[in-house]
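Chains Y and A, in that order, are what the protein sequence lines are.
Note that my numbering has the first sequence beginning at 1, numbered continuously upward.
Note that my numbering has the second sequence beginning at 1, numbered continuously upward.
Hints should not be assumed to be uniformly reliable.
If you anchor each label on the Cβ, the simulated ranges turn out as follows [stated by the list, open to error]: (1) A227/A x D147/Y: 38 to 46 Å; (2) D143/Y x L84/A: 24 to 32 Å; (3) L223/A x S37/Y: 33 to 41 Å; (4) D147/Y x L223/A: 34 to 42 Å.
Rough simulated footprint, nothing fancy, chain Y against chain A, three-plus residues with beta-carbon under 8 Å [as the list claims (entries may be wrong)]: (5) 61–67; (6) 73–84.
The hints are simulated quantities; they were obtained by calculation from the structure and are not laboratory data.
For each residue, glycine too, the CB sits at the ideal point set by N, CA and C.
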Amino acid sequence: MLGAARRPKHNVTMPLSLSNISFAYARRRRLVLDDLSLEFADGATLLLGPNGAGKSTILGLAATTLRARTGSIHIDGVRAAGRQLRAYRRSLAWMPQDVQVVPGLTVREQVAYVGWLKGLRKKDAWHRAEGALDRVSLSALADERPDRLSGGERRRLGVAQVLVHDATWMLMDEPTAGLDPLQRADFHVLVASLRHEINLVISTHQTEDIDSSYDNVVVIDGGQIRFDDSAAAFLALGASQASVSEAVIDAYRRTIAAI
Amino acid sequence: MSFDFRRSPAIVLAPPMVLVTFFFLSGAAGGPAYYGLSQLAQAASAVAVIAPICAGLAAWEGARLRRGGVARLAPARCEGRLLLRALVPTSVAAAVALTFGFGVMLLSGPSLRASDSVVVLMAAGVLAGHAVLAYAAGRRLPALMAVPGAVVLSWLWIVYPIAVSPLWVRHMTGYLSTCCDASDRLAPAAALAPLLLSAGAILASAILLSSVAPAIRRLAAALALAAGFAVAALVASGLGVAPTVARGTADLVCRDGTPRVCLWTEHRGVLPRVQATASAIGSRLRAHGLTTPPVVTEARGRHSGAWRVGVTPTASELDIERILLQALVPSLPACARLHAYPGYAAFGAVALWLAELAAHDVPPYIEGATPEDRREVAAVGKLAPPAQRAWYSENLAALQTCERPPQLLTVKL
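In isolation and in its complexed conformation, chain Y is listed as follows:
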C-alpha cells in the first residue's frame, strides 16, 4: 500500500468491502486478483489504473457479474452470494463499460425495465424512469430508440439506468471512455451532483478524470492495490507540480512506478 497517510475510515456507514478475493477468467490459469482485500469508503471513489490493471474485474466482482474463486464481498454486512445476493444487488447500481439495451425498447422503456430488474414494481419503475431521465437530461429523447443516441447520450442512458432504483452504491466502469471533452465535463458535473446522494466508485485509466468531485482514490495495477487514500492525499503526491493536472499525472506516475 502506497500513500503518505492512510485514509481515515471512521466516516464509513455503508462500506462496500471485498475480502481475500482471488479471481481468474475462465480457461485461464493465471489469477487476475490474488487474495485482494479492499474497502470502498462512502463518497465518490475513483478507481484508477492502466489498461488491464484489474479495474473492470474488481467492479465486475463487486457487481456480481463475475464470480470470485475465493473470498467474499459485502455491502453493509449483506453478502453478495446465496440468499443475500438479491438484497445485495438491490443495494447496488451497476453501469458496465458498454451500455447495452434490450432491442425494441425505447429509452424510457429501457430505464423502466432496468428498474424492474432491480426489484421495483412495474408502476414504480415506470414512474421513476421519468425522474431518472430528467436527471440526466434525456427526457426529450425518452421515446427514441437507444440505437439512435450519440455516445454521450448513451452514457447518460446508462447513468439513468443506475439512478432509477434505490441503490446505496453505484459502480461505473470507464463511464467517460469515448466521450468528447464537453461530454466528459458534463459527466463530471453529474458526478458532482450525485456524490452527496449515493456512494460512487468510478473506474478510469484517464488521469484527467480526477478532479474535486472525488473524495477518494484507489490506484490498482497488476491486480495489486498501489494506493488507497483520500483524493487530497493522492494529489499531495504530486504537490510539487505547477498545476492540478500535472500533479495528478505525477502522483499517478509515482504510485505506478513504486511497484
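Dock chain A against chain Y, hints included.
Chain A alone, transformed into the frame defined by chain Y:
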C-alpha cells in the same frame, strides 16, 4: 407496462397463429363430433403447429434479453421472474390460438367431463416445455441460431416420432391426433408422459439459466433432459398405436329387455331403436335354431360373449341393422396380424348368410361378400336347417382362430 406486449413479435404473430391453427384443425382427421374428449384431443393436436411458433417466439424473447446484456446488469430478480415476464406475450398468443382451437372443435356442443380437462393441461404443459427450453436457448445463443433452431427442433419433435418405431415414442410428444373413439378414454400414461418430458425440459432450462459454470450447467441440463425423457419413456412404453384405453362401463346407459342394450351416454338417443332391431334379429335367428348374445354393448373388454357394437347418434334403421349383423361375425383374431389366417375365406359368406337369415331387408352390400360368397350362400341355402347350422358353427369357429380352415361348399382352399 404495456411495452411487454407492444414490443413483442408474439402480438404480430398471434393472428397468423390462430389462422394456422384453424387450417390445421380443418385438415385434421377428426373424431366423433359428439364426443367431447375426442374433440378436445383433436384441438390439442394443434400443438403441432402452435408449439414451434411459440418456441420461436420464446427463443426470440430470450435472445433479446441476451443482446440487451440483462445478465450483466446484475438483476435483483430471479431468472424465473425474468422468464415469466418475457414469456407473457408468447403465452397469451399461445393461449389465444389454443382456446380458438378448442372453441372450433367444441362448436358442436359435445358434453365434457371434468376429467377431460387433462387434455387441456397436457397441451398447456407441452407448450410450456417447448417455450421455456427455447427461451433458455435464446438466453445462451445468438438469435440467428436460437430462433430457427427452436422452431425446427420443436416441429421435428412433434411430427417425427409418428414415423418411428417403437410406437409409444409418439405418445411422449402430446400430439393426440389418434384420440379417441367413443369407446376410448385417453390413457393416463399418454397424458402423463408429455408432462414429464416437459418437466424435464423446464428443469434443464432452469439449469441452463443458472449461474453455474458453463461446462457443468451444459452437462447438468443434458442430464435433466435425458432424465425427463427416460421417465416419460418408462411411463409411455406400455402404449400401442393409439394413446387410449377402453372406456369405463360407468359411462354406459343401459336398457333392460331381450336383449339388454348398453350404449355410451352420447348414443342414448338410438338406444330404443338398437334394442328393437337387436330383438328382431334375435327372434329371426332363434327361429332358425341359433342364439344371440343376451347383452348388446358398446363397451370393449370385459364382456366376453357380448354382442359388441359401435353406433352413432345419427345411425339409420338400416345402419343399425347392418351394424348389429356385422357384430355377430367375429372380428379378426390377433394371430391374423402375424400368421396365415385361412378362416378369412369364410368371412364374407358367413356375414352374407347371417344377413339373409336375420335382416329385415338384405342390404345390397355386405362387407367382405364377393360373388363367390353369394354362390356359397346360395349352395348353403339348399341344405337342411341342421346342416346349415353345422356349416355356420364350423365356419364361425374357423373365423376365430388361425389354425382351423373353413368348411366351404363351393370354394376349394
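Hints, one by one, checked against the model:
1. A227/A x D147/Y: 38 to 46 Å: Taking Cβ atoms as reference, A227/A and D147/Y lie about 42 Å apart, which means the hint holds.
2. D143/Y x L84/A: 24 to 32 Å: 27 Å, holds
3. L223/A x S37/Y: 33 to 41 Å: Given range 33 to 41 Å: holds, Cβ gap about 38 Å.
4. D147/Y x L223/A: 34 to 42 Å: 40 Å, holds
5. 61–67: Coverage by chain Y holds here, the residue count being 3 at a Cβ distance below 8 Å.
6. 73–84: Three-residue rule met by the segment 73–84 of chain A, so holds; n is 7.
Violated hints: none; the structure is consistent with every hint.
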